[in-house]
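Asks: As a plain string of letters, each chain reads:
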Amino acid sequence: MLKVTGLETGYGRVQILRGLDMEVPQGRIVALLGGNGTGKSTMLRAVSGLIRVWNGQIEFNGERIDNKAPDQIVRRGLIQVTQGKDSYPSMTVEENLKVGAFTRSDKPGVARDLERVYDYFPVLKERRRQLAGTLSGGEVQMLVIGRGLMAAPKMMLLDEPSAALAPKVVLDIFANINRIARSGVTILVVEQNVRMALILASYAYIIRDGRILIEGDADDLMHDENVKMSFLGGTVADSSREYMS
Amino acid sequence: MDFDFTSLFAFILFGLTIGVVYGIVALGISLIYSGLDIVHFAHGEIYMFGAFFGLVFSEHMGVPYPLAILSAMVCTGLLGIVIERVFYRRLTRAGGGYTVAGMGMIICGFGMSVVLQNIAYLSWGADAEPFPVDLGEPFQFGDISLPKSYGLTAVIALLLMAVLHFFLKKTKIGLAVRAVAANKDIAFLMGINVPLMISLIFGLACALAAAAGVLIGPMQSVQVEMGYLMLMKAFAAAVVGGFGSLPGAIVGGLLVGIFENLGAAYISPNHKDIYAFLLLILVLMVRPSGLFGVEVRVKA
Chain A
1 MLKVTGLETG YGRVQILRGL DMEVPQGRIV ALLGGNGTGK STMLRAVSGL
51 IRVWNGQIEF NGERIDNKAP DQIVRRGLIQ VTQGKDSYPS MTVEENLKVG
101 AFTRSDKPGV ARDLERVYDY FPVLKERRRQ LAGTLSGGEV QMLVIGRGLM
151 AAPKMMLLDE PSAALAPKVV LDIFANINRI ARSGVTILVV EQNVRMALIL
201 ASYAYIIRDG RILIEGDADD LMHDENVKMS FLGGTVADSS REYMS
Chain B
1 MDFDFTSLFA FILFGLTIGV VYGIVALGIS LIYSGLDIVH FAHGEIYMFG
51 AFFGLVFSEH MGVPYPLAIL SAMVCTGLLG IVIERVFYRR LTRAGGGYTV
101 AGMGMIICGF GMSVVLQNIA YLSWGADAEP FPVDLGEPFQ FGDISLPKSY
151 GLTAVIALLL MAVLHFFLKK TKIGLAVRAV AANKDIAFLM GINVPLMISL
201 IFGLACALAA AAGVLIGPMQ SVQVEMGYLM LMKAFAAAVV GGFGSLPGAI
251 VGGLLVGIFE NLGAAYISPN HKDIYAFLLL ILVLMVRPSG LFGVEVRVKA
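Heads up: the sequence lines are chains A and B, in that order. The first sequence lines up with residues 1 to 245 when you count with the working numbering. The second sequence lines up with residues 1 to 300 when you count with the working numbering.
Only chain A is shown next, with the shape it has when bound in the complex (with noise of 0.2 Å):
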């Protein structure tokens, strides 16, 4: 449904994506994971159209969107959804969600989605009428997944949704991606926390230096030495366990 050929951006004359290839089946999560500086956001940046590819291709649905102006792209279908720290604080919770389902004309159906929204993450409608600014984190990041499916998408893109927030709360957002994602939107979840995102995922992209350094099952990732080394925790002290015992 996604896919990224070579792709090549930075900001001013910094480079940081240096010939990145991946690609997401419909249907699927993929999980695109590495630390920080390592071009994730920048990737999606590019995806989003908010800053210019300078080389590759992306394609989205067989149709090229690089360098799209950002609103054609949400409009045939693709949404990325920033980090709960970019909400509009200074507008209620349900004006935020209903900036998201801006692109739309059909009011029934936006009335459906809100209905949606509310029944995925209850706390949103008990505080819909809160300036989104008064939420707490776990809840202002729900508002902005709920902001990006109000847009009806075919795909979303998620920037951390885990980032900041206390294990229990990100088992309650993931476990909604889950389902966001069985009611057929495909997502790309861009993750530090790869011990969380690989449950989540079904396929995986470790980025380092602007490339992709390993790629495949989530499974497979996560049982994969070199991942848990550098990823997963694992330190120098646990694999000499290992060998020693």
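Hints listed in this document are in silico derivations from the structure and should not be mistaken for laboratory results. Among the hints, erroneous ones may be present.
With a Cα cut of at most 20 Å, we get these calculated EDC-like pairs of lysine to aspartate or glutamate [to be verified]:
#1 B:184 <-> A:95
#2 A:3 <-> A:217
#3 A:98 <-> A:113
#4 A:154 <-> A:59
#5 B:172 <-> A:94
#6 B:169 <-> A:94
#7 A:98 <-> B:185
#8 B:172 <-> A:106
#9 B:172 <-> A:113
#10 A:98 <-> A:126
#11 A:125 <-> A:95
#12 B:184 <-> A:86
#13 B:170 <-> A:94
#14 B:184 <-> A:71
#15 B:172 <-> A:71
#16 B:170 <-> A:106
#17 B:148 <-> B:134
#18 A:68 <-> B:185
#19 A:3 <-> A:23
#20 B:169 <-> A:95
#21 B:172 <-> A:95
#22 B:170 <-> A:215
#23 A:3 <-> A:215
#24 B:172 <-> A:115
#25 A:154 <-> A:139
#26 A:85 <-> B:134
Start from chain A and add chain B according to the hints.
Replies: The following block gives chain B in isolation, referenced to the frame of chain A:
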């Protein structure tokens, strides 16, 4: 000296009517600031153009006064959109507000103000033109008689504020405008056509200034230099209320209007124009971010 409550009330009433006009110009300045991240220094000239458009429609073409206000708003709004598209767009793309490029934006605003003044000078001459509008007998509030033009001004200005409020709070496009003002990247990611909304914001702000121009016209007169003082007063109003805050702009406008009239009445009418700035300094000493201002937004 006997203290006379009737005249005090009259001064406040006159202050309020002129204050709502400062308020709608300040609203435009605040709208542009929150929408485009720029401080628009040519807004006084936009206001002056609005007044001239109103004069042309009303006096030279015989359009009824309320319709002249509307027509002037439309023409000035379109003029604003052209200015934004052709000149400001290139500069705001490079960054507005506090960025280094934002400095260029401020200079550009001053330049635009000089250009617009000279265009107006060439088109309409340097003489102050009277803008007579016959609205009939003044309103009577007890002993105070308020000319109809003042009453009408207050009513129309309040109506415009109400319409703007409804537009921003209750319509989909209004919601999109607020989204763009709050965060352009996120607005883009929600599928909002941000450049179009920015033009709309700028056009709206210019239309508001035009309305103010046509409303002030009959009270004073219409002349090429009228923009400068209005810009200063409206800035004072916007800053007093909290720069970028829309309710703040209105309240700031009212306060400036009242303060100015009271100062002229009880201190000295010769220095009428300094009271706005006196108020500005006083308010900033107590609340540096203005009455309705939230903490200062610092941009990278």
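Asks: Hint by hint, note whether the structure agrees.
Replies: Cross-check of the supplied hints:
Proposed proximity of residue 184 of chain B and residue 95 of chain A is supported: the alpha carbons are some 16 Å apart, at most 20 Å. For the suggested pair residue 3 of chain A and residue 217 of chain A, the alpha carbons sit about 17 Å apart, so the restraint of at most 20 Å is met. Note on residue 98 of chain A and residue 113 of chain A: the hinted pairing holds, with a Cα-Cα distance of about 10 Å set against a maximum of 20 Å. Simply put, residue 154 of chain A and residue 59 of chain A have alpha-carbon atoms about 14 Å apart, close enough for the 20 Å limit, and the pair holds.
A hinted pair counts as satisfied when its Cα atoms are at most 20 Å apart, and residue 172 of chain B with residue 94 of chain A qualifies at roughly 13 Å. Distance check on the hinted pair: residue 169 of chain B and residue 94 of chain A sit about 12 Å apart at the alpha-carbon level, within 20 Å; holds. Between residue 98 of chain A and residue 185 of chain B the alpha-carbon distance is near 17 Å, which keeps this suggested pair within the 20 Å criterion. Distance check on the hinted pair: residue 172 of chain B and residue 106 of chain A sit about 13 Å apart at the alpha-carbon level, within 20 Å; holds.
Under the criterion of a C-alpha separation no larger than 20 Å, the hint pairing residue 172 of chain B with residue 113 of chain A is consistent with the structure, at around 17 Å. Of the supplied pair hints, the one linking residue 98 of chain A and residue 126 of chain A holds, its CA atoms being roughly 16 Å apart against a limit of 20 Å. For a cut-off of 20 Å, the pair hint linking residue 125 of chain A to residue 95 of chain A stands: about 12 Å separates their Cα positions. With a C-alpha separation of about 11 Å, the suggested pairing of residue 184 of chain B with residue 86 of chain A holds against the 20 Å cut-off.
A threshold of 20 Å between alpha carbons decides the hint, and for residue 170 of chain B with residue 94 of chain A the separation of about 12 Å falls inside it, so the pair holds. For a cut-off of 20 Å, the pair hint linking residue 184 of chain B to residue 71 of chain A stands: about 12 Å separates their Cα positions. As the CA atoms of residue 172 of chain B and residue 71 of chain A are separated by approximately 16 Å, the hinted pair is consistent with the 20 Å bound. For the given pair, residue 170 of chain B sits about 17 Å from residue 106 of chain A by alpha-carbon distance, which is consistent with the 20 Å threshold.
Our distance criterion of 20 Å between C-alpha atoms is met by residue 148 of chain B and residue 134 of chain B, whose separation comes to about 9 Å. Between residue 68 of chain A and residue 185 of chain B the CA atoms are separated by roughly 15 Å; this keeps the pair inside 20 Å, and the hint holds. Pair hint residue 3 of chain A plus residue 23 of chain A holds up; C-alpha atoms about 4 Å apart against a cutoff of 20 Å. For a cut-off of 20 Å, the pair hint linking residue 169 of chain B to residue 95 of chain A stands: about 9 Å separates their Cα positions.
The hinted pair formed by residue 172 of chain B and residue 95 of chain A meets the criterion: a straight-line CA distance of about 10 Å does not exceed 20 Å. A C-alpha spacing of about 48 Å is found between residue 170 of chain B and residue 215 of chain A, which places the hinted pair above 20 Å, so the restraint is violated. The suggested pairing of residue 3 of chain A with residue 215 of chain A holds, with an alpha-carbon distance near 15 Å, which does not exceed 20 Å. For a cut-off of 20 Å, the pair hint linking residue 172 of chain B to residue 115 of chain A stands: about 19 Å separates their Cα positions.
Among the hinted pairs, residue 154 of chain A with residue 139 of chain A is inconsistent with the structure: their alpha-carbon atoms are about 24 Å apart, more than 20 Å. A distance of roughly 55 Å separates the Cα atoms of residue 85 of chain A and residue 134 of chain B; the hinted pair therefore is violated under the 20 Å criterion.
In summary, the structure is inconsistent with hints 22, 25 and 26 from the numbered list given earlier, while agreeing with the others.
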